[in-house]
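Visitor: Sequence:
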Amino acid sequence: MRVEGNEGRVMAQWLENNAEVRADVPLEECWEHWIDREKIPQWMPWISSVKVLEDTPDLSRWTLKYNAFDQDFTFSWVARNMQPLHHQKIHWRAVDGLANRGAVRFYKNRDGSCQIKMTISYEVPGVLAPLAQGLTPIVEGIIQKDLERFVEYARTHRLKVPATK
Numbered sequence: 001m002r003v004e005g006n007e008g009r010v011m012a013q014w015l016e017n018n019a020e021v022r023a024d025v026p027l028e029e030c031w032e033h034w035i036d037r038e039k040i041p042q043w044m045p046w047i048s049s050v051k052v053l054e055d056t057p058d059l060s061r062w063t064l065k066y067n068a069f070d071q072d073f074t075f076s077w078v079a080r081n082m083q084p085l086h087h088q089k090i091h092w093r094a095v096d097g098l099a100n101r102g103a104v105r106f107y108k109n110r111d112g113s114c115q116i117k118m119t120i121s122y123e124v125p126g127v128l129a130p131l132a133q134g135l136t137p138i139v140e141g142i143i144q145k146d147l148e149r150f151v152e153y154a155r156t157h158r159l160k161v162p163a164t165k
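Take the sequence shown: its position 29, counted from the start at 1, is 29 in the UniProt record's numbering, and no numbers get skipped.
Hints may be right or wrong, so weigh each one.
[To be verified] Here are the simulated lysine-lysine pairs, DSS-like style, with alpha carbons at most 27 angstroms apart:
no., residue 1, residue 2
1, 65, 160
2, 160, 108
3, 51, 117
Hint data in this document are derived by calculation from the structure and do not stem from the laboratory.
Turn these sequences into a full structure, and let the hints guide you.
Guide: Given below as structure tokens:
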């Protein structure tokens, strides 16, 4: 949580949402799909685009579009793609625009499948924090559906990736 002084600055709070799924696809294949960030809108429909910046490949521009109450909302941000932990964790932090950060973690199961856990954190003004916290089950449900769509995507877009031990 970030708290500012009383000189008219806004108090803000970080909220975290999580979801997890079992993928009956090898971890190595799941990793290869996720590491290509520009593919993400194919299983996260609320992310309308992800574009890795050509001149700075550790940065990517994200656009989120969502319709609620018959209104279209668009948010964008530039994320720094943090150094991944190969076949374990892909993570990012916004450096401009909508304040957010997150990670996708991969765990190999003994049967050749993998667990994928996603954590997304975002900053909201303190005055809106109670409302945003109340929406946590909805947001986590959206993320859960995204992970389920990812598993289906990975099943239907198989890759030839050598397995690691």
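Visitor: Of all the hints given earlier, name the ones this structure violates by number, lowest first.
Guide: Of the numbered hints given earlier, the structure breaks just one, which is hint 1.
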